[in-house]
Every structure is written in structure tokens, then in C-alpha cells.
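**Q** Here the protein sequences come in this chain order: A and B.
At position 232 of the first sequence the residue is numbered 232 (our numbering), and the sequence of numbers has no breaks.
Positions in the second sequence are counted from 1; adding 1000 to them yields our numbering.
It cannot be assumed that every hint is accurate.
Claimed, not checked - Chain B is nowhere near these chain A residues, computed Cβ spacing over 10 Å in every case:
1) 31
2) 76
3) 103
4) 197
5) 201
6) 204
7) 229
8) 251
9) 276
10) 285
11) 288
12) 310
13) 336
Unchecked claim - Derived lysine-lysine pairs resembling DSS-like cross-links, with alpha carbons at most 25 Å apart:
14) A:25 x B:1032
15) B:1044 x A:53
16) B:1076 x A:53
17) B:1032 x A:53
18) B:1044 x B:1029
19) B:1029 x B:1062
By construction, these hints were calculated from the structure, which means they are not laboratory data.
These figures come from a predicted structure and were not determined experimentally.
Ideal placement from N, C-alpha and C gives every residue a C-beta, glycine not left out.
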Amino acid sequence: MNEKDRELMERYIYEVIRRVPSAHKEDIRMELQELIEDMYEAESSNMESVLSKLGDPAEFAKKYRDDRSYVISPEYYDNYVWVLKIVLICIAASSILSFIVSTIIDGFAEADLIGPLIYGFGMVTLVFAILERLKVKVDIREKKVWSVNNLNDDINLNKKAWAPNQMRPVPNKKSLISRTETIAGLVFIMIFGAMMIFAPQLFGAYVFDDGKLVRTISIFNLEQWPTIIPVLSLIFFASFIDEIIKLVAGCYCKMVMIGNIVTCALQLVLSVIVFKVLPIWSPTFVDEVVAEFGKEITSKGDILFYWETGLLSNIVLAIICVATAIEIGTTIYKTMRYGVEPIS
Amino acid sequence: MGEEKDILSGLIQELRRGTLILSVLSQLKEAKYGYALVQNLEEKGVSIDPNTLYPLLRRLEKQGLLASRWEVGESKPRKYYRRTPQGDSIYLELRAHWEAIAVSMKDLFEEG
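Here chain A stands alone, though its shape is the one from the complex (with noise of 0.2 Å):
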């Protein structure tokens, strides 16, 4: 072999190990310079026939790495989509409905939509890329299936393979949960929360001079909220869980009851915690009123009177009881009413 062909395959070598995974470089390098070294003596020595034979050094190396040419493969898509439509939505009436409220408290605002969007596509894509990658198997719509095999007990059956027994009837009208009530209250419950958690000082009187905002006095113990907003920030991910948990289902069921049970109590224990244990309330806020607006509370008439007794917290909780009871009573009648399960 003469010192240019040597220097063609070489090239060509190294163009192929170049893009395969280092922990196979030196033996892929060994094994084509066999090959080639073969080649050429059944090619008569001509080096540049053999090496178009071989074709594109990429395709070759492509090959090599098992032939992994998607960001998300047909395995992930299903689900990819899914979660992508989700998240893109969220996103989507988040944006509308911040710009809408922070028109309404700033005057102005500024309108951005396709950033967002284009940040939750990307990291969407970045994540199932990533599970893809680490070959982790998501099957989120399939999981919840299962789960609720795994209550029934019905432990022979195959996890993982379908069979038709999964198949839930055709579930009765008045057992559907509607999905666009769900996303509202997803993005509802996304927005709520990020203006307890972030701008709790959004809450409380507002303060105008000359028609202009000067500030607030928030009725939240603002010093105080770093401890608060873990707990707040629970109970919004209980009730965020419970929507997902009804969005994937898409009617009522064994598994949304439960989910519903438990981030329901969950809820409860976390809102009892936070009116009856944790500093919630502003103790400024009543002196700061009447300092600012010249108010003197007095009057047993006025709620402001009761600020410190607790009974703010009290009519708090009353209410989130018998929200959350309403809440309970309904997911348990329409399951019990109307909802399906897999035959087992």
C-alpha cells in the first residue's frame, strides 16, 4: 500500500470513529482497517474504489451507533405529545390570564406568548429526550390503567402487555369529567398559586395617590412567608395532582376517587395547619389601615374588628371544609353512580 492510499484510509477511519461512542473507538479503527486492508487486496489496490464502496463515512458511523436517528422515538411520542399539548395549553391561558390581570392592576403589561411557549416545548422536548436517552419507560396514560388493576388485586394479569379485559366500558355520559373544566382549573390553580406563592403582597388594600398605585398593604404576614409558602406550595401540588389525575382519566373512576380522597385530606390537614398554626396574617395590617386611611375601627360592625381573634382563619377553613366536602361528595356519588371499571 502506498503512501497515499495509507493516507485515504486513514482519513476515512477517522471520519467513521469520529462520530461513534469513544468506548468503541480503537476497535471499530482495528476492525475497518481489517476490512479495508481486505478490500483492497481483493480490489486490485485501488484504494478510492474501495473507500466509494463503503460510501459515506457518517452513514457507516450512523450504522454503528445504532441506527438512533430521532430526538423522540415512535415509543415516546404518544405520550410526548400528550404531556406536550398540556403543557402548551397551561401555558398558553397562563400567559392570556397574566397579562389580562396584570393589565388590569398595572395599567400595562407586557405581552409575551410565543416565549413561553417556546421555553415549555423546549423543555418538554429536553426532558423525553432525555428519558428517551436514558431509556427510562414512561407510560403515563398506561400506569394509571394498570393501577387501578392493582387494586382490584388482579395481579395475573400481565402489567405490561395489553389485553382486552383492560378496556374500560364506554363510560356513561354523566361520568365524563369535562376537560376543559380541568384545564381552567389547572390553570387556575397555576395562577392562584404563583400569586400566593410570589405576590402575596397582591392581596390587601391598595393604596392610590392621585389615582396612581403607591403600594399595598398586603393582609399576609409577608416577614413570615418564607415559612408559609412550603405548606402553600403542597396544597397547590395536592390539588394540581388531583386535576391531572382527572384530566388523564377523563371520567370518573376508582382511581380519581382515591386521588381525590387523599389529596383532598391532604389538602384539609396542610390549610389547618396553615390558618391555626402558622403565622398567616399580617399583625400590621389593621394599624397600617387606619394609619393610612385614617379609619378608626371601633365598631363590633366591622369585620376589621375581629382581625386578631382568629376568626378570619375560622371562616377560611369553613369555607375550604365545605368546599372540600362538596368537592368529596360529588367525585364519590358520580364514581359510585356512574363511573366504570376494567372487567376483572
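Since the structure of chain A is already known, use the hints to place chain B on it.
**A** Chain B alone, transformed into the frame defined by chain A:
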């Protein structure tokens, strides 16, 4: 016309892809090195591009159907591949399937 040709060559490629692994496994009862295998298959009318064969050998090795070893004693180092016991049993199973398919296909053609 060109389009028809493309369709045909695509279909032929697809058809052959399925038989490739079986062809390769069939020839590796005794250890062979890559290019000898290419020539061996070509002699018997099965042409395979080296840039398909080499990655395929590697994949079959990863799956445990083939084992490889470098022989350095000769004039130049060569990588030899041969079937493992697991490869043997899979080869026999695949072959039985292939024969069953061939019989069914024959029936189908005669009927048509």
C-alpha cells in the same frame, strides 16, 4: 417510471433486511473474520454491504448471539466472529420459522 423503481428497490431492501440476520448467523458456526464472511455470502448469491455487516455483527455480539476475538498471530490482526450456544439455538429457531414462512408463501403464490 423512476418512482416505481424507487418503490421496488425500497421493497426489495426491506425484504432482504429481514433475511440478513439469518444469513449471517447461518455462516458463523465456524469462526470467520468480517471480509471472509462478505465474500462467503457473496459466493452464495447474498450480497451485503460491509457498512451494514460490520455494525450488524457488533449488534449481534451485544445481544449475545455471537462472540468475537482478535487473532493477532497472523500477518495482521483479524477479528473473528462465531455463534455462541445461545446463538446456535436462536439460529435453529429462526431457521424453523423461515422454513415455515417459505412453505406458507409457496402456498400463497400457487393459490394466487
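**Q** Taken at face value, is the distance from the CA of residue 1032 of chain B to the CA of residue 25 of chain A at most 25 Å?
**A** Distance of about 22 Å is within 25 Å: holds.
**Q** Determine whether the non-interface label on residue 103 of chain A survives the test: each CB of chain B must be over 10 Å from its CB.
**A** Nearest chain B Cβ is 56 Å from residue 103 of chain A, so the label holds.
**Q** Quick check for students: does the CB of residue 204 of chain A sit more than 10 Å from each CB in chain B?
**A** holds, 64 Å
**Q** Residue 197 of chain A: least C-beta distance to chain B exceeds 10 Å?
**A** Residue 197 of chain A is indeed farther than 10 Å from all Cβ atoms of chain B, at 49 Å.
**Q** Does residue 1029 of chain B sit within 25 Å of residue 1044 of chain B, going by the straight-line distance between their CA atoms?
**A** holds, 16 Å
**Q** When you look at the beta carbon of residue 336 of chain A, is every beta carbon of chain B farther off than 10 Å?
**A** Holds: least Cβ distance 51 Å, greater than 10 Å.
**Q** Is the Cβ of residue 76 of chain A farther than 10 Å from every Cβ of chain B?
**A** Holds, since 21 Å exceeds 10 Å.
**Q** Are the Cα atoms of residue 1032 of chain B and residue 53 of chain A separated by 25 Å or less?
**A** Satisfied, since the Cα-Cα distance of roughly 22 Å is no more than 25 Å.
**Q** Against chain B, does residue 288 of chain A hold up as non-interface, every C-beta pair farther apart than 10 Å?
**A** holds, 71 Å
**Q** Run the distance test for residue 1076 of chain B versus residue 53 of chain A: straight-line Cα separation, threshold 25 Å.
**A** It holds: about 22 Å lies between the C-alpha atoms, which stays within 25 Å.
**Q** Far enough from chain B: is every CB of that chain over 10 Å from the CB of residue 310 of chain A?
**A** Since the minimum Cβ distance to chain B is about 68 Å, residue 310 of chain A lies beyond 10 Å and the statement holds.
**Q** Does residue 31 of chain A sit more than 10 Å from chain B, CB to CB?
**A** Violated, because the least Cβ-Cβ distance between residue 31 of chain A and chain B comes to about 6 Å, which does not exceed 10 Å.
Violation of the numbered hints given earlier is confined to hint 1; every other hint is satisfied by the structure.
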